[in-house]
Amino acid sequence: MRQRTPVIETRQLGVGYSLKNGKKKIVHGCLDLSLYAGEVTCLLGLNGAGKSTLLRTLGGFQRALHGEINLLGKRFNAYSPADISLTIGVVLTEKTNAGGITVYELASLGRHPYTGFFGVLKQHDRDVIEQSLEAAGIAHKANNYVAELSDGERQKTMIAKTLAQECPIILLDEPTAFLDVTSRIETMVLLRKLAKEQQKTILLSTHDMDLAIQMGDRLWLLEKGRAIVSGTPEDLILSGEFGSFFNKEGILFDSSTGKLNTVAPVDPIGVEGDFIASYWVGNALIRNGWKPSPVSYGYININCLGKEQLIITLPGQKQLEVNSIDDLISVIEKVKHDK
Amino acid sequence: MNMNRQALLFYPILLFFLFLLFIGSLIYGAVSIPPECVIDILLGKETDRIAWQNIVLQSRLPQAVTAMLAGASLAVSGLLLQTLFRNPLAGPSILGISDGANLGVAVVMLYLGGSLRQLSDLPINGYPAIILAAFIGACAILGIILYFSSKIRNNVMLLIVGIMIGYLASSIISILNFHASTDKVHAYVMWGLGNFSGVSLAQLPFFISCLSIGLFLSVLLIKPLNALLLGEMYAANLGVRIKQARMFILLCTGILTAVTTAFCGPISFIGLAVPHIARLLLGSSNHKMLLPVTLLTGSCVALLCNMMMVVPGMNTILPLNAVTPLIGAPVIIYVIINRKNIQYFN
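Protein sequence lines, in the order shown, are assigned to chains A and B. Be aware that the first sequence starts at 1024, since it is given in the working numbering, and climbs by one per residue. Be aware that the second sequence starts at 351, since it is given in the working numbering, and climbs by one per residue.
One or more hints might be untrue.
Sample of chain B residues at the chain A side, in silico, Cβ under 7 Å [unchecked claim]:
hint	residue
1	542
2	579
3	580
4	583
5	587
6	634
7	636
8	671
9	675
Calculated directly from the structure, the hints in this document are not laboratory data. Cβ atoms here follow ideal geometry from the backbone N, Cα and C, with glycine treated the same way.
Using the sequences and the accompanying hints, generate a full structural model.
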């Protein structure tokens, strides 16, 4: 185990809401969590699992019901709102009305905790804003109105704002929701870069399981009425804990493929050969309800010689060559049907 | 940076227009007085026409100053409310603050009018009572809105509560009207038509100081207002004390609206439309520029309305609330039709 000091550490943290009659609605009762500098942590969970509640509590927007949060070695309660604004930057799902200001002006709002009563920017502030826009990859749009941006560019602008805030910790509530595929990947790559290059501590909630497994240094799996599980994606998958979080109500997590499905394919078909070709052959097999397996006698076996050369060996040792996955699937379907 | 320099050009231009309209308001009126005589009167030269001197100094001058300040105040309170409630259709009249002032005035004019006459030898005559009542009414509604603002986090819901309270106040006014005598109803209706001539030269210092305080306080709010463009949670994360900022904004709005309404009657559209005119002019919703430009534009629009009240060639004056929609309504319709291209609330 690596020995490091967590940037945020919670002990027996209870998150939820205080109700009017003095009672408390506890969403999660005893969270022991750690966030580390230089890491991207992804918070995964279904709707209603309490992701936003946890993020809001860690961001200081709502009070912890019980337990404690240590922020950079100090108790969270010892921080004033002004201290928090220097320590934690946020990117939220809240709708903004910032269409009528420029990207530069929006990023400059991140300097609010540093500027005086009228918010006048000094040279140092301007330098920080320019570096932030550069780091977030949105400097080329600095003089554009926020309303002219795509969703992905808006997200970058909000990230530039948190960078201008110069906080060691960045919390993001579903930063990839509503983004198209390329923007989602760009955003995640950007966050990873910031974690590695600027040693930021980054926590984000997401529904994007594939991206979280791919890009997250650490996952937090949150589910109602269940203790939170944290670890690297691979450890969680290999230990089966990842699967157990999703294996319910007809949804299955296949740890061999990292994919979710409604029914796990059982009918095995042997696949071997070229790495990339066999990966995508496997993908097509799963979609059609077959389980890609190691080549074995008695199966239909596929030898992928190249992306356009697939050799099918039927159980009777009869061999066929096809040139596309489309043809491959129709051959297998025909064989299975004839059986 | 370029944009800021460009925006700085607006100040001299707006100030120039303001000056023109101000002078215009002094020269142009129901009684025609030659411009050179008006200038002479203003420069303090002796004139043989005492009546003209009285009209210019006792009536037109306070009226122009009133219009200037009332317009600025209503426009700024409209801007504060639009930013706070993140709603392009928010304004002092929509939140019920004007209706509150209205209700206070209705109670005094329709029911306490009789008793006020008996007090006429005391320094308190009818007018201060109306002002006080408007103030109390506006502040009462403001108190209710403030109370709800701590209960209701959602600003759209709060806006709807404001509209409902406004309806309640209007309904009470209608009931009061129904039971009051005809001449009192007439006086009240006249007040309700809106007028910039309600502030006498003697009342002017009080009027000016109240509104100047309100306008000064709102200038202090520029920084939190900009943060609020991102919404309350972002603003809180940037170190803005949300509850405090909300209270402050509502307080400013209350002062500006109550004082203006008490003296000038409920004036429609200036608070709603001028912030949009300012945004369209400036092309930005950054309050550093937008607030001063809104303030100046509000003054200009009010002075323009003040001049439009005088029908050329006739000895009559139109009611103010007949004129303000002529400028305000087209602006609002334009903003709504073009809301896809106009980006300020995206």
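Among the hints numbered above, which are violated by the structure, and what are their numbers in rising order? 1, 8, 9
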